[in-house]
Amino acid sequence: MTTMSEATYFILAALLDGPLHGYGIIQRAAEQSRQRVKIPVATLYRAVDRLQEAGLVVPDREEIVDGRARRYYRITDQGTEALAEEARRLSAAADLVIRRPGMGFA
Amino acid sequence: MIDETLYRRILRLYPASYRAGRGEEIITTLRETGGGFREVVALLTGAFAAHARSRTTPWQADGLHLGILVIALHRESGELMGVDGGIDAWLIMLTLVLMILGRPRLALPAAAASMWVGHDYFPPDPGPWVVLAGLLVLALLPRRHVGRRSWLWLAVPAVMVTFPVPMFYLYADIRKVLISVAVQGAFLLLAIAATAMSRDYRWALAAAIWMGVEVARFHLSEQLAWYSTRDWLYFGASALLVVAAFAVAYRRRKVV
Chain A
1 MTTMSEATYF ILAALLDGPL HGYGIIQRAA EQSRQRVKIP VATLYRAVDR
51 LQEAGLVVPD REEIVDGRAR RYYRITDQGT EALAEEARRL SAAADLVIRR
101 PGMGFA
Chain B
107 MIDETLYRRI LRLYPASYRA GRGEEIITTL RETGGGFREV VALLTGAFAA
157 HARSRTTPWQ ADGLHLGILV IALHRESGEL MGVDGGIDAW LIMLTLVLMI
207 LGRPRLALPA AAASMWVGHD YFPPDPGPWV VLAGLLVLAL LPRRHVGRRS
257 WLWLAVPAVM VTFPVPMFYL YADIRKVLIS VAVQGAFLLL AIAATAMSRD
307 YRWALAAAIW MGVEVARFHL SEQLAWYSTR DWLYFGASAL LVVAAFAVAY
357 RRRKVV
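Protein chains in written order, with the working numbering: chain A, 1 to 106; chain B, 107 to 362.
Note that these hints are calculated values from the structure, not bench results. From the three backbone atoms N, C-alpha and C, an ideal C-beta is built for every residue, glycine too. Incorrect hints may appear among the rest.
Claimed, not checked - Using 20 angstroms as the maximum straight-line C-alpha spacing, the simulated EDC-like pairs for lysine to aspartate or glutamate come out as follows:
hint, chain 1, residue 1, chain 2, residue 2
1, A, Lys38, B, Glu131
2, B, Lys360, A, Asp66
3, A, Lys38, A, Glu6
4, A, Lys38, A, Asp49
5, B, Lys360, A, Asp95
6, B, Lys360, A, Glu53
7, B, Lys360, A, Glu6
8, B, Lys360, A, Asp49
9, A, Lys38, B, Glu138
10, B, Lys360, A, Asp17
Stated by the list, open to error - Here are the in silico distance ranges between beta carbons for each label pair:
hint, chain 1, residue 1, chain 2, residue 2, range
11, B, Ala122, A, Ala69, 15 to 23 angstroms
12, A, Ser5, B, Phe143, 19 to 27 angstroms
13, A, Phe105, B, Val147, 36 to 44 angstroms
14, A, Val58, B, Val223, 50 to 58 angstroms
15, A, Arg34, B, Arg250, 41 to 49 angstroms
16, B, Ala122, A, Glu53, 14 to 22 angstroms
17, A, Gln35, B, Arg359, 25 to 33 angstroms
18, A, Val58, B, Phe154, 24 to 32 angstroms
19, A, Gln32, B, Leu207, 46 to 54 angstroms
20, A, Glu53, B, Ala261, 50 to 58 angstroms
21, B, Pro248, A, Phe105, 56 to 64 angstroms
22, A, Ser5, B, Arg250, 28 to 36 angstroms
As the list claims (entries may be wrong) - Short, incomplete list of chain A residues facing chain B, as computed with Cβ under 7 angstroms:
hint, residue
23, Ala42
24, Arg46
25, Tyr72
26, Arg74
27, Thr76
Generate the whole structure from the sequences, applying the supplied hints.
Here is the structure:
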């Protein structure tokens, strides 16, 4: 069984609303994780390499900004499926605690 | 903000193919984030990871290749330190060069010749036989299964000659033994770090081959009916590190 790291989870989640470039992914992941996941650039591209190899993410398009190329990445159907699976797993794990009386969630 | 020149210098540590594909993209994103010390550390770690992940050969063949290369490097170091290192030292060097070039079919006769002309070891050293057997296996594999390795490996004999250390002989100076343990410990830790990056068993396999030969060499050289606490500690710690490398590979393979 394959598991997903927290950074990978937020990278894939960042792409749910559409393709993003590297900096866009870093910003969105930080935002959506309430600044908990701050991915360094080299780490992001290592993760993107792995996700591309696994077929969860693909390059979308390139655009030139200030003379520099920016590459956008898109989540694949397989990536969306893997993310949903991980979300279900996390949700079930969270439910174990949240649904328990006396935990202060009622 | 850290100068872009520094990032470009660090990027030179990456494999050329990786740099060509990702280099400018990484620099652009670094400019956008504003950079910083954390980015420098990640970029340096990334260079190590990129090299560890750049191997495209099957991990079994690559692990065997790496394991016997380390043993051959160790033997060459011993020859260079010995006063009688002659033509066999040159033959081992030739074997090393051919192994680094990923040419086991050519390295095999060179390794056999080095054993033929070399002096007899007392106590007997299993290392050369393991290298020979490993080369034979690699020679039988399709050419594409054995890749090139970095020339930086040739720095190992230079380091070993700089720190000439008898391995485990009972009367060895404790400081020398500690340096020896540190060198081997560093190799095993490197194997764990590389395993974490490559996410497969190649470095773990190499570490296991290396440790197997070390244990056999120690056993043959000391001829002891019992091991001292120090020996047990050393081999116990080394075995733990090898097991840790396999465990890291097993866990990391399953994480996306």
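Now for the hints, and whether the structure bears them out:
At roughly 18 angstroms between alpha-carbon atoms, Lys38(A) and Glu131(B) fall within 20 angstroms of each other, so this suggested pair holds. Simply put, Lys360(B) and Asp66(A) have alpha-carbon atoms about 40 angstroms apart, too far for the 20 angstroms limit, and the pair is violated. Between the alpha carbons of Lys38(A) and Glu6(A) the distance comes to roughly 11 angstroms, so the proposed pair stays at or under 20 angstroms and holds. About 18 angstroms separates the Cα atoms of Lys38(A) and Asp49(A), which keeps this hinted pair within 20 angstroms; it holds.
Between Lys360(B) and Asp95(A), the direct Cα distance comes to roughly 25 angstroms. Violation of the 20 angstroms bound is thereby established for this hinted pair. Under the criterion of a C-alpha separation no larger than 20 angstroms, the hint pairing Lys360(B) with Glu53(A) is consistent with the structure, at around 14 angstroms. Distance restraint check for Lys360(B) and Glu6(A): the Cα-Cα separation of roughly 14 angstroms lies within the 20 angstroms cut-off, and the hinted pair is therefore satisfied. About 16 angstroms separates the Cα atoms of Lys360(B) and Asp49(A), which keeps this hinted pair within 20 angstroms; it holds.
Note on Lys38(A) and Glu138(B): the hinted pairing holds, with a Cα-Cα distance of about 14 angstroms set against a maximum of 20 angstroms. Only pairs whose Cα atoms come within 20 angstroms are accepted, and Lys360(B) paired with Asp17(A) is rejected, the gap being roughly 27 angstroms. Remark: the range hint 15 to 23 angstroms for Ala122(B) to Ala69(A) is upheld by a beta-carbon distance near 19 angstroms. Distance hint for Ser5(A) and Phe143(B): a CB-CB separation of about 23 angstroms, consistent with the stated range 19 to 27 angstroms.
In this structure, Phe105(A) and Val147(B) meet the distance hint of 36 to 44 angstroms, their C-beta atoms being roughly 38 angstroms apart. For Val58(A) paired with Val223(B), a C-beta distance near 56 angstroms keeps the hint of 50 to 58 angstroms intact. Checked against the hint of 41 to 49 angstroms, the C-beta distance between Arg34(A) and Arg250(B) comes to roughly 48 angstroms, which is consistent with it. For Ala122(B) and Glu53(A), the hinted distance range of 14 to 22 angstroms is satisfied, since their beta carbons lie about 20 angstroms from each other.
Distance hint check: the CB atoms of Gln35(A) and Arg359(B) are about 31 angstroms apart, consistent with the given range 25 to 33 angstroms. Under the hint 24 to 32 angstroms, the C-beta atoms of Val58(A) and Phe154(B), about 27 angstroms apart, fit the expected range. Distance hint check: the CB atoms of Gln32(A) and Leu207(B) are about 49 angstroms apart, consistent with the given range 46 to 54 angstroms. The hinted window of 50 to 58 angstroms between Glu53(A) and Ala261(B) is violated, with their beta carbons roughly 31 angstroms apart.
As the Cβ distance of Pro248(B) to Phe105(A) is approximately 59 angstroms, the hint placing it in 56 to 64 angstroms holds. For the hinted restraint 28 to 36 angstroms between Ser5(A) and Arg250(B), the CB-CB distance of approximately 32 angstroms keeps it satisfied. A least Cβ separation of about 3 angstroms between Ala42(A) and chain B falls short of the 7 angstroms threshold, and the interface hint therefore holds. The criterion of a C-beta within 7 angstroms of any C-beta in chain B is met by Arg46(A), whose closest approach is roughly 6 angstroms, and the hint holds.
Among the interface hints, the one on Tyr72(A) is violated; its C-beta lies about 11 angstroms from the nearest C-beta in chain B, farther than the 7 angstroms criterion. Taking 7 angstroms as the C-beta cut-off, the interface hint given for Arg74(A) is violated, the closest approach to chain B being about 16 angstroms. The criterion of a C-beta within 7 angstroms of any C-beta in chain B is not met by Thr76(A), whose closest approach is roughly 13 angstroms, and the hint is violated.
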